[in-house]
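J.: In case you want the letters, here they are:
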Amino acid sequence: MTVEEHARRYPEVWRRFSPRQTLVRYAWYAGIVFVALWSVRQLEIPWLYFLDAHVQAADLLVRMFPPDWAFIEQVLDPLIETIHIATLGTAFTFIIAFPIAFLSARNTTYNDLTWLIGRFILVTSRSVNTVVWGLVFVAIFGPGPVAGIWAITARSIGFMGKLIAEAIEEVDEGTIEAIEATGASRLQVLWIGVLPQVLPIIWGTSIYRWDINIRESTVLGFVGAGGIGIILYSSINLFAWSEVGIIIISIFVVVVFSEFVSAAVRQRIT
Amino acid sequence: MSSPPVYPTRWKPPSLISSPAARRGFVALAVLYLLWSFGTIEVDWSRVSRGLPRAADLFSRMFPPDFSRWELLVKGVGESVQMAFVASFFGMAVAVPIGLCAARNLAPRPIYLAARGIIVITRTLHEVIVAIIFVKVFGFGPLAGVLTLFVASLSFIAKMLAEDIENMPPGSLEAIRATGASFPKLLVYAITPQMLPRYLGVSIYRLDANLRHSTVVGIVGAGGIGQVLQASFNRYDYDFSLAILIAIVALVFIGEFFSAWIRGRLR
Amino acid sequence: MLTITDLFKRYPTGQRALNGVSLTVDLPQVVAIIGPSGAGKSTLLRCVNRLVEPTSGSVVLDGIDITKLSRRELRRARRRMGMIFQEYNLVERLTVMENLLSGRLGYVGFWRTYRRRYPPEDIRMAYELLDRVGLTGYEDTRADALSGGERQRVGIARALMQQPELLLVDEPTASLDPKTSRQIMRIIVELAQERGTPALLNIHDVVLAQSFADRVIGLRAGKVVFDGAPNGLDEKVLTEIYGEEDWSTTAARGEDEDEGGKPPRRRGDMESEAAVG
Ligand SMILES: Nc1ncnc2c1ncn2[C@@H]1O[C@H](COP(=O)(O)OP(=O)(O)OP(=O)(O)O)[C@@H](O)[C@H]1O
Ligand SMILES: [Mg+2]
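If you're matching them up, the sequences are chains U, S and C in order.
Per the working numbering, the very first residue in the first sequence carries number 8; after that it's consecutive.
Per the working numbering, the very first residue in the second sequence carries number 328; after that it's consecutive.
Per the working numbering, the very first residue in the third sequence carries number 19; after that it's consecutive.
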């Protein structure tokens, strides 16, 4: 085989992408970088602040330490309230999300209208953040943990309802038919045929949501909806950094602990 | 001769908790918890009982939503989107080194622990807490918001990246190492091709999440539409609040749709 | 007892599953329904208790036209018909006893269902049936821990808990091994005969049908093409039902052995035998 022949048979250039593909890719990259830089400009970020950011941060840390351990007495009650808000909110969600999930599942809803209503509730609930729900419920119930509990409930309904509805849509069709064939009423079919199949998922998502809610309820106080957020907010506003340090450490402990509990329980029930 | 068998007429389903005492104890505990929690939370019941009429009043004042100050609305939404985008962009970039350091099968032990520490701490604190601290340090405005979302994106993407790398089949790493490749070459040939699609997918998801969170960090003064919302609530401007809420829901929707579309195309 | 007249079923997809089926079951007998896949056997059975809504025609059980009932009346009618499924269709996460008792759902109110408190006679009947199907002592076992054959026994017991006046059985043995299949068929047939309950039984296994059924109905393309005693299933009938194939090892050994040698006849000759029972 001559050299030319060899070259003809086996190309010496190999590219993963065609030039066109490469071009398109670089155009995308350039576009993204451009938009990012343009956004930075639009936001009018005061770059000067960054010059002494490390000083500021160091200053903050120095002030947080040593933490004011005596303050922990005042942290404890709001911390417990935070856990209550998350737990009660999740418990209410457990009760409310249930019927809504049945309405939003194609195979258990009554008609198109009820399905649409169910879906609408789920979507509304999910697209508004817990803290924003907090704002709304504080406007209704006044500041305090009641608003917080409702905020947690309002946000979690969408989360749990969606997952439960998906589970309901996946139940075994044959089982449902068999129960229907015995002459069972609609409610009996739900209770005997559907519920046992989705119960593990309901428990799993509830516990999972509970641990998310613990984290969410730590900030509800910022809008006045109870929990540890209230004293955190006031300590920050008073620049009482040694108190802030204690509060943050305690939040940290509770959140990590709840995550651990939630994971352990979920592992046991599935 | 054997008589016809006698069958029982009672049957109880076996309970999850077999001992009845334990079962009753469990129920009692639950009831006690409810009593305790309702007893300890401080509630101004008279204020709460006025809630329902107030809710009616609130909703009547929300309708119809007031879009007349749409310029403020558009500016707020635009700022939120820009905050989300900038935060995702930089978060995505910085997440790479941290994610690599947080992968047990790549990084030496001390570096691994440090990187994991950063991820755990930033992940545990709620964005709003981070936001308020940044507001105190850098003042009101979008900078605090961008930094908050940046930190959140950073830890989220880094965690995902690290987990993906740890779950990589060891074979492909070893095969490339066996060719005598140096660490940078290992990165380019073994890790990048495997990780890139997931990394991009997670980043796009995070952009969508940032869009959602950008609406709340404003509540503590960190810029974006949330700040406008908080102000309207404080001024009892409820019809404007509803307009903002509608805008937020629309924004979240578009974000979710867009993110799903891009992730679909990446695959 | 059961009279089906001119039953048609057209699915929304356009599939014509039943094309004018008429048949009568007036004796407490086991009626095997055979026919190729897609012939409409399951559809026929499901039209009887209206798990599938028939397009036209009537299904009369003891003087009541099932097709004309309201939802509420249908529920009362359904509890008189027990159904047994190929895939058992038990509630997997419930115990055997709860699955059996679910056969009583048409008779008890929601409150009892909710509390799982069934009348004592139901419980006694459940224990007795467990004994009858050979599952003594399994009452507290969860259904997902059972083997296929055991599950089908639970399925049978659940249907009989309804104290049905008619059994609808859709391929009860299709997922079971040959020996278990025989045991299951024997249980169904014995229990049906014992209680004088007629049974409509879809089945693919012709040999099994011949050895257990009192009467066989052949279905092809949504039409009844054979209705008669099991020993009438000779090669030409099987060809009529299923199409051309070598049936010499399957066909009933009739009185005249020399029939086996003849070439199978064409469909035209069969019209007279397709008469409806
Ligand atoms: N839910 C449905 N929607 C549309 N068409 C259907 C449906 N169920 C059955 N069919 C069609 O109706 C015809 C009869 O189906 P059927 O299940 O009654 O047959 P079969 O005799 O029970 O078959 P097999 O022996 O495989 O169980 C088939 O052509 C099938 O495709
Ligand atoms: Mg079938």
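Worth double-checking, as some hints may not be accurate.
With the Cβ distance kept under 10 Å, some of the chain S side facing chain U (calculated, not the full set) [unchecked claim]:
#: 1; residue: V333
#: 2; residue: F365
#: 3; residue: G378
#: 4; residue: E454
#: 5; residue: G528
The set of hints was computed from the structure by calculation and includes no laboratory data.
Remember, predicted model here, so these are calculated numbers, not experimental data.
No residue lacks a Cβ here, since even glycine has one placed at the ideal position from N, Cα and C.
J.: Let me know if the C-beta of G378/S comes in closer than 10 Å to any C-beta of chain U, holds or violated.
T.: holds (4 Å)
J.: Could you check if E454/S really has its C-beta closer than 10 Å to a C-beta on chain U?
T.: Nearest chain U Cβ about 8 Å off; hint holds.
J.: Regarding the hint that F365/S lies at the interface with chain U, is the smallest CB-CB distance below 10 Å?
T.: holds (8 Å)
J.: Is the hint on V333/S kept, meaning its closest Cβ partner in chain U is under 10 Å away?
T.: violated (27 Å)
J.: Hint check: is the beta carbon of G528/S less than 10 Å from a beta carbon of chain U?
T.: violated (15 Å)
When held up to the earlier numbered hints, the structure conflicts with 1 and 5 and fits the remainder.
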